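Top line first, the protein sequences correspond to chains A and B.
In case it helps, my numbering puts the first sequence at residues 1 to 351.
In case it helps, my numbering puts the second sequence at residues 1 to 228.
If you're looking for bench data, these hints aren't it; they were derived computationally from the structure.
Just so it is clear, the structure is predicted and the values come from calculations on it, not from any experiment.
For each residue, glycine too, the CB sits at the ideal point set by N, CA and C.
A few of these clues could be false.
[As the list claims (entries may be wrong)] Some chain B residues near chain A, calculated using beta-carbon distances under 10 angstroms:
#1 L121
#2 I122
#3 S131
#4 V139
#5 A212
[What the hints assert, rightly or not] Far from chain A, some chain B residues (derived; all Cβ distances over 12 angstroms):
#6 V22
#7 T59
#8 Y123
#9 A185
[Claimed, not checked] Part of the chain B face toward chain A, derived, beta carbon under 7 angstroms:
#10 A112
#11 N120
#12 R126
#13 T127
#14 L128
#15 G129
#16 A201
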Amino acid sequence: MAVSIDIEKDFKGFSLRVKFDSTCATMGILGASGSGKSITLRCIAGIETPDRGRIVVNGRTIFDSDQKINLKPQQRRIGYLFQNYALFPTMTVKENIACGYRGKDKQERDKKVQDYITRYHLEGLEDHLPSQLSGGQQQRVALARMMTGEPEMILLDEPFSALDGYLKDVLQRDMQTFLKDYPGDMLLVTHSRDEAFRFCDQLILLKDGKTLTIGNTRQIFEDPGLIEAARLTGCKNYSAAERIDSHHIFAADWGISLRTVQQVPTDISWVGIRGHWLKPREEDGENCMPVKVTEYIETTFEHQCLVQNPRLKDGGSLWWMRPKNSFEEDPGKNLPTYLYLPPEHLMLLKK
Amino acid sequence: MLQNINWSPLWISLKTGFAATVIAFFAGVFCARKIMKLRPAAKGIWDGILTMPLVLPPTVAGFFLLMLFSLRRPFGKFLMDSFDIRIVQSWAGCVIAASVIAFPLMYRNARAAFEQVDVNLIYAGRTLGMSESRIFWKVIMPAARPGIASGTVLAFARAIGEYGATSMLAGNILGKTRTVSVAIAAETAAGNYDKAGFWVAIILVLSFVIVAVINIISGKGMQTRRWI
Numbered sequence: 001m002a003v004s005i006d007i008e009k010d011f012k013g014f015s016l017r018v019k020f021d022s023t024c025a026t027m028g029i030l031g032a033s034g035s036g037k038s039i040t041l042r043c044i045a046g047i048e049t050p051d052r053g054r055i056v057v058n059g060r061t062i063f064d065s066d067q068k069i070n071l072k073p074q075q076r077r078i079g080y081l082f083q084n085y086a087l088f089p090t091m092t093v094k095e096n097i098a099c100g101y102r103g104k105d106k107q108e109r110d111k112k113v114q115d116y117i118t119r120y121h122l123e124g125l126e127d128h129l130p131s132q133l134s135g136g137q138q139q140r141v142a143l144a145r146m147m148t149g150e151p152e153m154i155l156l157d158e159p160f161s162a163l164d165g166y167l168k169d170v171l172q173r174d175m176q177t178f179l180k181d182y183p184g185d186m187l188l189v190t191h192s193r194d195e196a197f198r199f200c201d202q203l204i205l206l207k208d209g210k211t212l213t214i215g216n217t218r219q220i221f222e223d224p225g226l227i228e229a230a231r232l233t234g235c236k237n238y239s240a241a242e243r244i245d246s247h248h249i250f251a252a253d254w255g256i257s258l259r260t261v262q263q264v265p266t267d268i269s270w271v272g273i274r275g276h277w278l279k280p281r282e283e284d285g286e287n288c289m290p291v292k293v294t295e296y297i298e299t300t301f302e303h304q305c306l307v308q309n310p311r312l313k314d315g316g317s318l319w320w321m322r323p324k325n326s327f328e329e330d331p332g333k334n335l336p337t338y339l340y341l342p343p344e345h346l347m348l349l350k351k
Numbered sequence: 001m002l003q004n005i006n007w008s009p010l011w012i013s014l015k016t017g018f019a020a021t022v023i024a025f026f027a028g029v030f031c032a033r034k035i036m037k038l039r040p041a042a043k044g045i046w047d048g049i050l051t052m053p054l055v056l057p058p059t060v061a062g063f064f065l066l067m068l069f070s071l072r073r074p075f076g077k078f079l080m081d082s083f084d085i086r087i088v089q090s091w092a093g094c095v096i097a098a099s100v101i102a103f104p105l106m107y108r109n110a111r112a113a114f115e116q117v118d119v120n121l122i123y124a125g126r127t128l129g130m131s132e133s134r135i136f137w138k139v140i141m142p143a144a145r146p147g148i149a150s151g152t153v154l155a156f157a158r159a160i161g162e163y164g165a166t167s168m169l170a171g172n173i174l175g176k177t178r179t180v181s182v183a184i185a186a187e188t189a190a191g192n193y194d195k196a197g198f199w200v201a202i203i204l205v206l207s208f209v210i211v212a213v214i215n216i217i218s219g220k221g222m223q224t225r226r227w228i
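Okay, chain A solo, but in the shape it has when bound (with noise of 0.2 angstroms):
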């Protein structure tokens, strides 16, 4: 199962440059709105064509711009979820999923369609319009539509952005279920960092058209190598960054030094931390900064501070994430003295 793609297309403001080869069964693009992860996926599917390039799919070439060669989207065999899910809005359930069959055989069809109906819990609802169902059913008769033709591989072209709250974890959860039968390969769409942390093995980090950095999942939210796809993956606290020697930098924004226990590159300009990793300490000590509140933002369930280090007059902030006890809790109590950056954790970061 291998995925390969290299493809260009040039756009009024904007040009696409996406190339990344992939072996892995699932796997993300991750990227901001505007980054062209969805155009991406459509010139996969077929519905939009590269200027140039070439897309391979397990070892059939489905576009090659030198050899002429442009599969229809029909002869791809590739599945693509879309994002409002593109229901058929004149036919019922059954007859939207009968769509998906891809043979002749009409009593095979029915017992095929019956079963998609049975797997994706729709049973009862055979009969009605995608207008009267739910936006989870929905989702689910989408997804049986495509499986019904067996693709050889699917697309997910932000399946959860249309869902709120409840809905969206439970509908994860399902998803999850359902992916797990699945014997192809998924590639999914997404600029949710938790999305793409929890369904893809894989990762490609898309910013302005460019791949910036392809890897497995946990080593890139990890270590990511480039300020850019810290940023994406979520990362908000950086500082400017100095080599000091083998082990250890300067972070000019918080005015401390810092261990670290991976090599520092000669290279390095950045230094990056998770929010989440900060530990609070009461006495001064390795990587330990010193605390000045600046701002408090109250989550439901996370306490998050900008800290300062008072020493600096313009220091950079450390968004710090820190778990609530309780709702009665009072933020302003029990602050650290410093804030402790585990050497682990810290993430060294180029241009």
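Starting from the structure of chain A, add chain B where the hints point.
Below, chain B without anything else, positioned relative to chain A:
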């Protein structure tokens, strides 16, 4: 008076209306579908051309049709000599004139309805392996149904009421090309106000039925909003 009425204009009008509506329906839907695939610049030009019969006086359309089909002109002569087909002063002329005039209404309504259909439905159909024609007839046409239906009824109404182009191309032959609209003009010109008034009443009833049908069709599947 009713015993003396020759009902043929009503039947000719209805017959012409149905035939022209069928032609305008397929031509309008076909052109609207083709137009949807064009780039914006070409779309604008073709849209202008296809809408012409709606904005021009019907007599101008009649003039062009006469230029094309007149037996003294190459194409009209060719049709007559090779296939023995005569368009001028014939029922076929009525149908052609009414089709040309009704076409833009069908085309514009179909196009407006297609513009409202989510393109992702087409893309979804393609990734599911459905053929283009199946996507069009099974997905897009049903989704565009209210607009298509009201376009069809409007085209029918326009075809039935057509006068200018019809009188130029098909003339006024009782029992052959005299439609209700042509009859109204002819009877009025001859001073037969009773007869003209009778046909006017027929047209009023017919129009009322057509408007009612439009409202029933377009009311279905469309939410009626009330502005307060």
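The hints, checked one at a time:
no.: 1; hint: L121; in the structure: holds, 5 angstroms
no.: 2; hint: I122; in the structure: holds, 9 angstroms
no.: 3; hint: S131; in the structure: holds, 7 angstroms
no.: 4; hint: V139; in the structure: holds, 5 angstroms
no.: 5; hint: A212; in the structure: violated, 24 angstroms
no.: 6; hint: V22; in the structure: holds, 23 angstroms
no.: 7; hint: T59; in the structure: holds, 42 angstroms
no.: 8; hint: Y123; in the structure: violated, 5 angstroms
no.: 9; hint: A185; in the structure: holds, 44 angstroms
no.: 10; hint: A112; in the structure: violated, 17 angstroms
no.: 11; hint: N120; in the structure: holds, 4 angstroms
no.: 12; hint: R126; in the structure: holds, 4 angstroms
no.: 13; hint: T127; in the structure: holds, 4 angstroms
no.: 14; hint: L128; in the structure: holds, 5 angstroms
no.: 15; hint: G129; in the structure: holds, 5 angstroms
no.: 16; hint: A201; in the structure: violated, 40 angstroms
Hint violations for this structure: numbers 5, 8, 10 and 16, all remaining hints satisfied.
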